[in-house]
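In order, the protein sequence lines correspond to chains X and C.
Each residue of the first sequence is one higher than the one before, starting from 1 at the first, in the numbering used here.
Each residue of the second sequence is one higher than the one before, starting from 1001 at the first, in the numbering used here.
All clues given are correct.
Here are the simulated DSS-like pairs of lysine-lysine, each with C-alpha atoms no more than 30 Å apart in a straight line:
(1) C/K1055 - C/K1246
(2) X/K92 - C/K1278
(3) C/K1278 - X/K137
(4) X/K92 - X/K141
(5) X/K92 - X/K230
(6) X/K137 - X/K184
(7) C/K1246 - C/K1054
(8) X/K141 - X/K115
(9) X/K184 - X/K92
(10) X/K141 - C/K1280
(11) X/K142 - C/K1280
(12) X/K92 - C/K1280
(13) X/K142 - C/K1278
(14) X/K115 - X/K142
(15) X/K8 - X/K230
(16) C/K1280 - X/K137
(17) X/K184 - X/K230
(18) X/K184 - X/K141
(19) X/K92 - X/K137
(20) X/K184 - X/K142
(21) X/K92 - X/K142
(22) C/K1246 - C/K1035
(23) X/K17 - X/K92
(24) X/K17 - C/K1097
(25) X/K115 - X/K137
(26) C/K1278 - X/K141
(27) C/K1035 - C/K1054
(28) C/K1055 - C/K1035
(29) X/K115 - C/K1280
Quick list of the computed label-pair ranges, beta carbon to beta carbon:
(30) C/T1047 - X/K115: 51 to 61 Å
(31) X/E187 - C/E1007: 53 to 63 Å
(32) X/K115 - C/L1045: 44 to 54 Å
(33) X/R109 - C/R1094: 26 to 36 Å
(34) X/E62 - C/T1161: 20 to 30 Å
No wet-lab data here; the hints were simulated from the structure.
The beta carbon of each residue, even a glycine, is placed where N, CA and C say it ideally should be.
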Amino acid sequence: MYKVEARKVSVWYGSYKALDEVSLCLERNQVLALIGPSGCGKSTFLRLLNRMNDYIEGFRMEGQLLIDGEDIYSPEVDPVYLRRRVGMVFQKPTPFPFSIYENVAYGLRLQNRLKESQIRERVEQALRQAALWDEIKDNLKKSALALSGGQQQRLCIARTLAVRPSLLLMDEPTSALDPISTAKIEELIHELRQTYTIVIVTHNMQQAARISDMTAFFYMGRLIEYGRTKDFFTNPQHPETLRYITGRFG
Amino acid sequence: MRKRRGEALATLIVTLISWAALVILAGVVGFITYKGLGVISWEFLTTPMREGMKKGGIAPAIVGSIWVTLVALGVGGLIGTSAGAYLSEFARHRRLKQLIEFLVTTLSGIPSVVYGLFGLALFVVTLNFGTSILAGGLTLALLSLPLLIRNAQEAFSSVPTSLKEASIGLGASEMQTFLRVTLPIALPRVLTGLVLATGRILGETAPILFTVAAYYLPTYPRSLLEPTMLLPYHLYVLITSGVNVKETYPMAFGTALTLLILTLFFTLTAAYLRFRLKQKYRV
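Isolated chain X (complex conformation) (with noise of 0.2 Å):
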């Protein structure tokens, strides 16, 4: 069974065909990059994992996506219940203006379940394995806000790592990040591929390269190319891979 299936899956918002029938298939513990220039579905295929385009007025969509075999568009999926087996961090760090333990204890706090304790060992657990904790493990009570844009963005890795998804999204997670930051995001993901699998959009090809296992072209909507992240940049197999992975376009 494939941690990721897509069938034939098309997307509209209104009249404006965002996706027109990818298919994908990915492996549990692999990371998949997704990358392509502005507008070309990338974005909008990573947030129909966790259903974030569900909000969106004029949203439709047509084909199966699987994650664990299971239709997560099928009307018995609740998707309050589906975010938090698939978790998400976006673009820009989004920390809540709360202390930095609030930010991570957030997603477990909202399944009422646990103990405090049981929530604070959850807490140091997530921030240990964002490479966070050391720096900031004296400083728990202070605001999120405090922290540097990269340490936010850790936080954030964090908070979501807390609620324990099987599978990670990353929306272009270093585009607003210094370079060490970023170094750092990519030595997380590396270790996180062991326990989780990653999807994550780029726009940085280099970044593609280094992290991924997987690699999917998107182009006007289409699903270009997909194939092994080696091959894929050596051996592109569609004139269009080639122009954009040679900086010609996009």
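Put chain C on the given structure of chain X with help from the hints.
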């Protein structure tokens, strides 16, 4: 050079006009304070009126105004904040939302005396609350609803979408997101709206005329179903229709100053709360 001089002149005019506005405002407050300060005493603030309102204080009117304002703010704040939340966060049908927004805007243009008449017909007569604090408070709640709804809606809309999405992305329902993220962050601005409404409610005269205000009732209300004296109406009575207007005239300035101070007190309290909340959620 000439252009420069024209600009300097324009700046000067704008500055003068804005200073003039401040001077006028200070003049009004200063005049009321000057005429009223001599009247205000501990007795004036804490005892009922005596001898046909010529002697004694205005305590029943103060207590009455506070009661009515609390009822109006409680009911209006609850409904206004909920409606604002609905319009900002939960309304899905765009047409319906636009219709409600249009109606709210229209409501804010209705003269307050019309609200008074409506309050009389609905709360006093039909619902049989009688001339009472409850009827007056509810009428004033209605009157302040457009302001409260609009303000709450703007407060909730001003919370960054990225934070709401982050919450949804962590597996929060829309209601959880509203209660745990949007509401706390928007609270300072919601409070600001309540303060604006308080100022308006405290000073309104027309809507309370037929719904709650008593001409002369020098006792303290014991339940929400009793009428009471109120500061704005008492002020009106002292100037126009007392037993001896000449002798009650100075009392009117004391009443006016009390009303001003009360409004200021509400404003400062809310400003303090807002300051504390802003410190807590630095957005």
